[in-house]
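For the sequence shown, the positions run 125 to 357 when our numbering is used.
Since the hints were made in silico from the structure, they are not lab data.
Be careful, since some hints might not be right.
[As the list claims (entries may be wrong)] Derived lysine-lysine pairs resembling DSSO-like cross-links, with alpha carbons at most 30 angstroms apart:
| no. | residue 1 | residue 2 |
| --- | --- | --- |
| 1 | 354 | 312 |
| 2 | 337 | 226 |
| 3 | 275 | 166 |
| 4 | 275 | 175 |
| 5 | 312 | 166 |
| 6 | 312 | 337 |
| 7 | 175 | 337 |
| 8 | 275 | 354 |
[Claimed, not checked] What follows is a list of derived Cβ distance ranges for each label pair:
| no. | residue 1 | residue 2 | range |
| --- | --- | --- | --- |
| 9 | 221 | 342 | 43 to 53 angstroms |
| 10 | 128 | 333 | 21 to 31 angstroms |
| 11 | 213 | 233 | 22 to 32 angstroms |
| 12 | 142 | 294 | 44 to 54 angstroms |
| 13 | 300 | 332 | 26 to 36 angstroms |
Ideal Cβ positions, reconstructed from N, Cα and C, are used throughout, including at glycine.
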Amino acid sequence: MANSIGERMKRNYESPSRFQLTRRTPVIVRIDGRAFHTFTSKHFPGTFSQKFHDAMVLAAIRTASEMQGFKLGYVQSDEASFLLTDYDNLHTQPWFGYNQSKVESISASTMTAAFARCMRLVGVTDLATFDARAFNIPEDEVANYFLWRAKDWERNSLSMYTLRYFSHRDLQGVSSAGRHELLHSEGKNWTRDLHTWEKNGTYITREGDTLEKVRSSYQRIEELWRASLKFET
Numbered sequence: 125m126a127n128s129i130g131e132r133m134k135r136n137y138e139s140p141s142r143f144q145l146t147r148r149t150p151v152i153v154r155i156d157g158r159a160f161h162t163f164t165s166k167h168f169p170g171t172f173s174q175k176f177h178d179a180m181v182l183a184a185i186r187t188a189s190e191m192q193g194f195k196l197g198y199v200q201s202d203e204a205s206f207l208l209t210d211y212d213n214l215h216t217q218p219w220f221g222y223n224q225s226k227v228e229s230i231s232a233s234t235m236t237a238a239f240a241r242c243m244r245l246v247g248v249t250d251l252a253t254f255d256a257r258a259f260n261i262p263e264d265e266v267a268n269y270f271l272w273r274a275k276d277w278e279r280n281s282l283s284m285y286t287l288r289y290f291s292h293r294d295l296q297g298v299s300s301a302g303r304h305e306l307l308h309s310e311g312k313n314w315t316r317d318l319h320t321w322e323k324n325g326t327y328i329t330r331e332g333d334t335l336e337k338v339r340s341s342y343q344r345i346e347e348l349w350r351a352s353l354k355f356e357t
């Protein structure tokens, strides 16, 4: 009786809702902080926080180390993106068979646990959680994906810096070029004044190294992720 119930539960309900990512095709896992605006406003007030960014990077490195097939990561604000592949050689297996729910749940839970450990080191014990989504992407769109996230951070970084000196009302409807001009009128320069991670975000390599000087250039990102493949025979 128990076996028949179990078989029915798996066959009729669990298995039909199980989705598999496509093998031999790159996978992106994007992890986002849940309600982090409130969390950061409370514990890391101000425009940019080195402690918060360091915690995000360290948590992302720890998460990447658990991901079979990890190739490249990118951290900006409360978001981390990870590139996975499963074709280093003919025998390479996908992480958890590319069971989408497992990839997403384990990615989010690992990032949450790693980030919590980093927060305890700076005396923050409030709960902070992450969600994750995983999806396939064609090889010729990988660089464009990371470029999109880098451009998103570039716009947000400029906006955050401009808000140090101008109000939301002053900036309503003002383009990025206009924001640069406003900063210049105050003797400020986004390109010159900020640290590299504050402008570019931080990339994480296959070896766990961090890169902060990668600007939002398609060619540079394409070179970076292609170099991470290192095919084996």
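Looking back at the hints listed earlier, which ones does the structure fail to meet?
1, 2, 9, 10
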